[in-house]
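Q: Chains as they are written, first to last, in my numbering: chain A, 4 to 297; chain B, 4 to 297.
Keep in mind that a hint or two might mislead.
Copies of the same chain are indistinguishable here, so a pair counts whether it falls within one copy or spans any two.
[Stated by the list, open to error] The calculated DMTMM-like cross-link candidates involving lysine to aspartate or glutamate, where the alpha carbons are at most 25 Å apart (straight line), are:
no., residue 1, residue 2
1, K68, E266
2, K9, D224
3, K37, D165
4, K139, E244
5, K68, D138
6, K66, D258
7, K207, E266
8, K242, E142
9, K37, E177
10, K66, D138
11, K261, D97
Calculated directly from the structure, the hints in this document are not laboratory data.
There are 2 protein chains.
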Amino acid sequence: MNNRLKLFINEHLDYINRELEYQVERLVAPHTLKESMLYSLRAGGKRIRPLFVVAVSEMFNYKQKEVYTVGAAVEMIHTYSLIHDDLPSMDNDDLRRGKPTNHVVFGEAMATLAGDALNTLAFGVLARMENISADKKVELINLLSVASGAEGMVGGQVLDLDGENRQLNLSELEQVHLNKTGAILRFSIEAGAVLSDATMEARKALIEYARHIGLAFQIQDDILDVEGTSEQLGKTAGKDEESNKSTYPALLTLDGAKQKLNEHYQYALNALDNLSEDTTLLREFANYIISRNN
Amino acid sequence: MNNRLKLFINEHLDYINRELEYQVERLVAPHTLKESMLYSLRAGGKRIRPLFVVAVSEMFNYKQKEVYTVGAAVEMIHTYSLIHDDLPSMDNDDLRRGKPTNHVVFGEAMATLAGDALNTLAFGVLARMENISADKKVELINLLSVASGAEGMVGGQVLDLDGENRQLNLSELEQVHLNKTGAILRFSIEAGAVLSDATMEARKALIEYARHIGLAFQIQDDILDVEGTSEQLGKTAGKDEESNKSTYPALLTLDGAKQKLNEHYQYALNALDNLSEDTTLLREFANYIISRNN
């Protein structure tokens, strides 16, 4: 990982984690429910989405504490989607980030409810932010709802289920990922632009960057499933091939997938050329995403 | 059902149903996902929550089309909670409102995702309303998030799961229901007050009314589970006793439950005495809730 990115993560990771803890701890709610929510929030995610909110905001010189709240909201959505995705009726995963999945520890009913509560809480924390105009909150809530719902992440999960039964073509596979993982990554990046009152032109460039980063992220995920070990990944490796899942390596061969990954990396960097701000950090982020090994 | 209430429902039910259809139909999302969402929305609920939004708004002379959007949002939350509640890992119900439950028709994975999408969509439709100030939207979104999340409905479902393993006392049982069903009923009633700029005093009286209506609603549910037939209820009757569930009849005997029901009915009517508006419709609503047979 490049040096500037490492410093940036060191500077902000604790604040992101503390905001997540705070937003759940403060709830007047059954103890086991909060434990179940916190268990998955604490399970050691890389916090890429909240970090993007902070990075983009900072690029436009917006440095208020609300960046962590927006980051926490998107991490709650990401975490709830993992909890539900791991359920026996969905992907049936026992292991996530090297730890037993939520339903293995708390049971399926509680895992379902903890996911529901995190989904709902994400919108609540956005609505309750201080020092942000109501107009901006409404814009963020609308963007998050579109990104995470039927038109975004959940829709992508449905397309993904569909892709387990038949071989998707490249354009269908892109559609899955633009929705399933791309939409909330795009939200994270766009939210930074909303918070910092970036121009519509800058926002457009960032959305283009987000699109290619999102696809690159997913292609690297597919490649890691082939090349990585379960220990490295903290989840069962080789699962895609076993379940006949539509993936980039399956469609394009491993070399073809790596070439595609590099293409999207280049497109992401090109999009940043349209910005006059210092984009070093976002470039390092892109580099990290294509070279990470877990 | 009293005449005024019947006329009121006839006047508004179609608009509520059309708004629900519209908000799902307009989504650019996978066809099967939309079908699964619409299946449960169309499954013939009584629309009590949206009708409360409209009734309270109308009492304060607010008659804009946004009442149906807020009503649709709360019905989406109610419907998603039923879909998830019926899952095999939760209550494991095959029948709801006389029809096969969502997962029986669409499978568990799709039912989970359709529920998630409805939960998310509820906040999106509130954020996208026209002719409502951003401040008011934020207030409604915050209220709905609290009412439906860990501090409200979902928290109540967790307490309810807990109550399947041991006998709750009356105060614990009240807490379950104030959260599980009471919180979003209260939201529906409070939302009408928010939309129509009711005074804080009026709002306080309505919240008191909502509290007793919510408890009365649940007690009548428990009584119907004992006295009703599966045909009448559209779901399996007698299930509570069979599963040793904590209920009002189990705690207080059937006669004691009926007396409690009547007490809450009276308290609800008393709360309305504090309002100078015409409360006839809300009184008829209360009467309907305690005398309904399904």
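Q: Would you mind marking each hint as holding or not holding in the structure?
A: Checked hints:
no.: 1; hint: K68 to E266; in the structure: neither (35 Å within a copy, 48 Å between copies)
no.: 2; hint: K9 to D224; in the structure: within (21 Å within a copy, 57 Å between copies)
no.: 3; hint: K37 to D165; in the structure: between (33 Å within a copy, 14 Å between copies)
no.: 4; hint: K139 to E244; in the structure: neither (44 Å within a copy, 50 Å between copies)
no.: 5; hint: K68 to D138; in the structure: both (18 Å within a copy, 21 Å between copies)
no.: 6; hint: K66 to D258; in the structure: neither (41 Å within a copy, 62 Å between copies)
no.: 7; hint: K207 to E266; in the structure: within (20 Å within a copy, 60 Å between copies)
no.: 8; hint: K242 to E142; in the structure: neither (38 Å within a copy, 45 Å between copies)
no.: 9; hint: K37 to E177; in the structure: between (36 Å within a copy, 21 Å between copies)
no.: 10; hint: K66 to D138; in the structure: both (19 Å within a copy, 24 Å between copies)
no.: 11; hint: K261 to D97; in the structure: neither (29 Å within a copy, 47 Å between copies)
Going through the hint list in order, the structure does not satisfy hints 1, 4, 6, 8 and 11.
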